[in-house]
Amino acid sequence: MVIAFFSYTFIQNAFMAAVLASIVCGIIGPIIVEKHLVSMSGGIAHASFGGIGFGYLLGIEPIIGGLIFSIGASLSISTIKKKTNTNSDILIGMFWAVGMALGILFISLTPGYPPDMTSYLFGDILTVSSLYIKIMLVLSTLITFSIISIFNYWRAYLFDEEFLKVLGINILRLERVLFILISLSIVILIKVVGIILIIALLTIPPAIAKLFTDNLKSMMIISSFVGVLFSFIGLFISYLYNIPSGATIILLSVIGYFILSMLKINHTKKIINYFNRQVIRKG
Amino acid sequence: MYDIDIEDLSVYYGSVCALKNINLKVKSQKFLGITGPNGGGKTTFIKVLLGLLKPTRGSVFIKRDSVIGYVPQYVFFDRRFPIDVLDTILMGRLPNKIRLFQGFSVEDKKCVQEVMEYLRIRDLSNRQIGQLSGGQMQKVLIARALVSDPKILVLDEPAASLDSSTKKEIYEMLHKLSKDKTIIVVSHDMEEIFSYADNVIFLNKTIQHYKNE
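Residue numbers (our numbering), protein chains in the order written: chain U, 1 to 283; chain A, 1 to 213.
Worth double-checking, as some hints may not be accurate.
[What the hints assert, rightly or not] Taking lysine-lysine pairs in the DSBU-like style, the calculated list, with each CA pair at most 30 angstroms apart, reads: (1) A:179 <-> U:264; (2) A:109 <-> U:35; (3) U:217 <-> U:165; (4) U:165 <-> A:109; (5) A:205 <-> U:83.
The set of hints was computed from the structure by calculation and includes no laboratory data.
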C-alpha cells in the first residue's frame, strides 16, 4: 500500500512541498517568534488574499498577485509606522482586513463563474503542481541563503537592533530584507496550509524546538525537522481518512506541542524533586 | 583634550521639549555621571550622543576615530532569547560593513576571551542569557561594548535594581576603566555617582547643576 501511495505524482509533489515548506518555516518561524512579528505575519498573509483576487481579475497566476500584495503590505506597514508613528498593531489590523476585503471585491468583479477560494484560504497540498514545486524550490533556496549567509547579523538584529545601529550597521536595510523574506515564505505556505492557517505552521515548530534548545541555530534546525515530521504524518492521515491536509497537519502539531511540553514539565519536576531529596538527605 | 563637545543642543519631540540649550565639554579619560529626574532628558541625551537621534538644534562633536561603546539598560532585554553569553559578546565584534559568510576571526575570539577574563565572567561563556543574574547580565553587556575597543563608553542605568555589593563592584570596575576610557553613566544612583564620578551633571531639560572634582 505504501509503495502505491508514493507512486502518484501528486503525492510525490505533496511530500516535496511539505519538505520545502517545513524548511522555510523552520528558518523564518523562529525569526518571527523571537522578533515578535507573529501578528505582522498574519497581516501580511491576509493582505496577500487581495493579491490573489487581483490575479484572478487580471487573469494572471494568482500567487504572483499574492506575492506582490504581501511584499507591498509588509513594506508599507513598516514605512507608515516610521513616518506617522502609528501603533503597528493598528496598521496590521487595517492591512489584514483591507486585504481580505479587496480579495472578495476583485473576485466578485472577475467575469464568469467565481473560482473556489477555499484552497487559498485553507490550503490543499494535494493539488500542488510540478511548476509550483519549482517556484517553491527557488524561493526557499533564496530564503535559506539569505539567512545563513549573514546569520550573525540576523541574530544580533533580532536580539538588539539598537546596538547594531550604534555599531553603524544599516538596520533599515536588514528590516526591509527580512520583511521581503517573510512575504516570500508566506506565499510559499499558502498552497500548503492556506492563508488562515499559516500562523500555526510558523509558530508551532519553533515553540516545540524551544522546548529542547537555547540556541537560535539549533532552534531553526529542530523546527525544520519537526515540521517535516508532522507534515508527513499529517499528509498520510489526511490521505487515509480523506480529511483536509492543512488542518490535519496543524492539529497534529498542536497536539504534539502539548504532549511534549507536558512531558518536559514533568521531567523538570522530577529533576527538581530529585535535587530537593538530595538536599533534604544531606541536611 | 576634549572627547565630546556639545554646543547649544536642543531636542524636541514634536512640540514637547526634551533637552534645551545644552552646552557640555567632556575631557578624555574622565568619568562623567549624569543624573536627574525621570523625564529630564537623560535617555534622550544618550541617544543623541550615540547618533540614534538627530538633534533639533545645536551640534554634537565627537573626537575623530573615537569608537563609542554602548551598554543599554539590561532590564529591557528579553532574557528568553535563544543566545548564550559568548555569542552575545561576539556581537560587539561585528564589522559595520556586512559581507556574506563572514565569521569571527581568531583575533575576535581572543579579544572576547581577554575581556571575559578581565570581567571575571569566563566560566559563564556557554550559559544562555536567561540563566544569568542581573549583575552577570550587566557584565556581559559591558563586555559586549568593550570588545569593540571603545574610547568612550556610555552606560544607561548600569546598576539599577542590583544589590548594593554588586552595585559597588560595577562602579569600581567603571572607575578602573576610566583610566584609559571616557566613561559616561546615566543613573539614579546618587551615592555611587557622587563617590566615583569625576564630574556630575544634573539634567532636567537643561543642565541645572555641574559638579567638578
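Right, here's what the structure says about each hint:
no.: 1; hint: A:179 <-> U:264; verdict: 50 angstroms, violated
no.: 2; hint: A:109 <-> U:35; verdict: 27 angstroms, holds
no.: 3; hint: U:217 <-> U:165; verdict: 23 angstroms, holds
no.: 4; hint: U:165 <-> A:109; verdict: 22 angstroms, holds
no.: 5; hint: A:205 <-> U:83; verdict: 26 angstroms, holds
The structure is inconsistent with hint 1 alone, although it conforms to all the rest.
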